[in-house]
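Participant: Residues per chain, in single letters:
2 protein chains.
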Amino acid sequence: MRTSIATVSLSGSLTEKLTAAARAGFDGVEIFENDLLASPLAPEEIRARTADLGLRIELYQPMRDIEAVPRDEFARNLRRARHKFELMGRLGADTVLVCSSTSPLALDDDALAARQLHQLADLAEEFGIRVAYEALAWGRHVNTYDHAWRIVEAADHPALGTCLDSFHILARGGDPKGIEDIPGEKIFFLQLADAPLMAMDVLQWSRHYRCFPGQGGFDLAGLLGHVVRAGYQGPLSLEVFNDVFRQAEAGPTAVDAQRSLRVLQEATGSATPPAPVVPTGIAFAELVTPDAEPVAAVLDALGFIRTARHRSKPVDLWQQGEARVLLNTGPAARREGTSLAAIGLESPDPAAAARRAEALLAPVLPRRRAPEDVPLDAVAAPDGTELFFCATDRPELPSWTGDFEQAGQRPVDSSVDGSVERIDHLALTQPWHQFDEAALFHRSVLGLAAQESVDVADPYGLHRSRAVTNADGSVRIALGVGAAPTDDGTRPQHIALATPDVVAAARRFRAAGGRLLPMPANYYDDLAARYEFADGELAAYRELGILYDREADGEFRHCYTETVGRVFFELVQRDGGYRGYGAQNAPVRLAVQHTRRPPY
Amino acid sequence: MRTSIATVSLSGSLTEKLTAAARAGFDGVEIFENDLLASPLAPEEIRARTADLGLRIELYQPMRDIEAVPRDEFARNLRRARHKFELMGRLGADTVLVCSSTSPLALDDDALAARQLHQLADLAEEFGIRVAYEALAWGRHVNTYDHAWRIVEAADHPALGTCLDSFHILARGGDPKGIEDIPGEKIFFLQLADAPLMAMDVLQWSRHYRCFPGQGGFDLAGLLGHVVRAGYQGPLSLEVFNDVFRQAEAGPTAVDAQRSLRVLQEATGSATPPAPVVPTGIAFAELVTPDAEPVAAVLDALGFIRTARHRSKPVDLWQQGEARVLLNTGPAARREGTSLAAIGLESPDPAAAARRAEALLAPVLPRRRAPEDVPLDAVAAPDGTELFFCATDRPELPSWTGDFEQAGQRPVDSSVDGSVERIDHLALTQPWHQFDEAALFHRSVLGLAAQESVDVADPYGLHRSRAVTNADGSVRIALGVGAAPTDDGTRPQHIALATPDVVAAARRFRAAGGRLLPMPANYYDDLAARYEFADGELAAYRELGILYDREADGEFRHCYTETVGRVFFELVQRDGGYRGYGAQNAPVRLAVQHTRRPPY
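Protein chains in written order, with our numbering: chain W, 1 to 600; chain X, 1001 to 1600.
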């Protein structure tokens, strides 16, 4: 199906919007009237620009408060419509959106609405224009898609059809099944928007919180299924009013938008990108740092061994159990300081994983960094993190470890008390305007499942966090975002390491000279009030700075190292199927981290 | 009445919160448990710190999910409560907040709730502690203040009373009149929060959007009246969960909070600060600039005459009709560039206006800048703009013009076609986190009325704007805020000048070499579609870049100069009682301004 996007969904001038839409692979656009009014380009110039960019103008919108009004008012409305139809001729747009009236002048009279829409369609026909009539969820008398359709049916004019808008239909909780009763050729247009499920005023919800399909909570695949079965042949067009997208760069937003439509089409079977290849583990986490020593000291105290070195690059492999950390002192570090730059995802089929990522518009990174390197499939996540699709020491596939030479040391026996078994999760900070997209990206490109978003109170603002995981929890990535754009890129990232015995791990780390983040005594007094612990247990937590959380069945014990650059490590012990990340304790940890360094 | 604030209402560490509350003049605080848990200070140290700061700990909060539960669960809850009562002893807090249960374990059994609260109160009494039971608006079974009171009444224990929370009461639309039926001595505590009127999930509304009294839409004065009439003797305590306040500096937020309580007490007659002295006009607007020439050229082309110069400072007075603009090339300009730094408000009683401002905690500025200057009362607005309370050439009062010497030129005759009569309005950009407070400040300190807040779509984000005015519209200030914190302080400000004939004024400006902001042709095509104009009228607008808006009775015509530094001028013609500011046209103007300079 053709893809389209309303210019109102993107930030910037009309020219910027059109350019971004074309570059992201859209076939067409809806021209939002205010974008045209504010543009210095004449309609003919806009027409030429869109044609040069390979875009079709699928819709001109919106025309408001037209129908079911007293005769004088309708005469004025027809006069206005004639002006707009002339404009559309100059623009080369052949379909106009008419929204159901919200005017206090509008009468609750379907027959009058139908008669006047018929007259409007007569006029439109003279200009070769089609009128698509849509029910706004807050229309004065017409606010459901089936009501709008009944009026269109009654008006019975070849130049008059209906426009369906997923937001207006689903926000009111209407059953979209009736769409299948509308003849496909009378559905002139389909506008798609998702939205987070919120109990709030529909108009405010619509104007500020719409998002791209898959970023919210609506069943857009179900709705699209009905529309396709009705026989709709027009474009899938995104119309998203979103305060954050208004501020974000148009280029990346348009790519996210196009990706959302590809995923939606896959869900309804109308497109078949390569199937997702869900990663089965974390092969490695790669830290870049201008100075290896401080991070190496922490890794060493955590019990990691430097087992290998890259053949041609200043990259060391540190290992313990199945946990592998690459320490890269190459040029990237000079730009970023110490940070988590890349993740190796253990993939059943790295090449297929990369093909899917590419089909879903993830930026593909070069397969070989140097001629002698093992080829590696990699893409960039929305936050810039490099995601490598890897095989680790599997005979049938080239292993990324092939680029490394043994450094003579063997990884330690992971049965030692307090040893690290593997990476439990990685916590990444997302750009402020990319939080919802980050979850959609990881779900759609990597086939991970997104958990609920949680709020976390930092002393200086509210953070949000949302985890994406595979089914067995062997891949867990916590996507966090700060309170405001000003937080961008300065907040810490961390690597959480799984151990079966966090008390032993913490003791071992301390004995090896590592410094754990101390937690306030008040926190432990509260734990004592809330839970009963075995003798000595709470005392050990208090001594070591171990935090505790409990769910229905499971328990979570965790502690933190001091931060180096933007990065710190967490030691975690999960028991009894605990699925979370200790969000309950995050405010305490954040407060302590603030006291350890200047506020961001 | 004593004033108090919950630590959760302020940003930062517990120490920062306590310090800010004390400096702003609060008598006490509520200690929010999470703030204590995250603090490195022991309870005894917090007790000492609050005492040193002159603060009383009015409340420890919250204790959750205590009552109406099965016996085993209640035993665990009592154990938890004992720990907390011991903590409160160390802290020196004698009242604890118990919120009505939200637990799935809670039973719908008022008798059980009363019995268990009685037992809790027995335990509390041993520690000299009082229990204040509050209905959360989303409590599982108890969610109205009268229901909570019935349970307290049935429990009948001297150490058990109720806590009233304005948000929980008013968010559910309950009638607060019944508060008067509660004996005053059984109202153990009163928490106050306002909120914007929004149709949304109450829990989300409460957690993210609460604000200080007068910043939202609740009738807090009405509620407080009932509480006072019931005989309540405790403190007025603010408990505000607000995403923006969490990020803002604690010091100014605490001052805003304290101001809101003073205004609230005034509204209920329980405090009597000096009465507001509503300004009767704009005496002058003061621009600072490092280079007078570009602004002087615009003023000159607008028809202003440089009529006087300050005796001792590099400040020129430009005048036309009753519009006066000061152009200050003194040291401040080096910091700020060209910007609108001060407003002279014509005041019936400048000294009384300043006394009120001071009583409401507006930062008072020195009365004399130099020994020979006329004394001038001035305060700083939340955005840093200096507000001068002035008299202009009134015999009974010293006039600010006394500091100026005639420059030999007389102001022009304002009956010339297209001349400027006065300043119509001033548009100021507010810091992002101060938008709601800015309106409250201008309302309470200056006695102006706030109009509705409107959203304005800029190509790169959504702006909000809210005007404050006096009754006859001779003082109008439009307070604007950008889409995000990153916009702070970089957006333009402007001075709008009233003329009876904007076409003539625009022509005169252009003839004098001024450059008007050109508006896109598409805008005028749209005007032609929407309205019918007299012959030549629209052509004149198109030629000159004049924008047009129409309301029920009134019309508004306006055009803009190019921007110098952060400042531009607007020429406006209001007819027929038009009350707005052309918000409808602002997106077009903003888009054009973006094309004229690099994006912010």
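Hints listed in this document are in silico derivations from the structure and should not be mistaken for laboratory results.
Beta carbons are placed, not taken as given, at the ideal position from N, Cα and C, and that holds for glycine.
Errors might be hidden in some of the hints.
Partial pick of chain W residues on the chain X-facing surface, computed with a CB cut under 10 Å [what the hints assert, rightly or not]:
#, residue
1, D35
2, A81
3, R311
4, N522
5, T595
Each pair of labels, with its calculated beta carbon distance range [claimed, not checked]:
#, chain 1, residue 1, chain 2, residue 2, range
6, W, P363, X, A1199, 49 to 55 Å
7, X, A1471, W, R90, 44 to 50 Å
8, X, M1198, W, L123, 37 to 43 Å
Participant: Which of the numbered hints are not met once you compare them with the structure shown?
Facilitator: Of the numbered hints, 3 and 6 do not hold.
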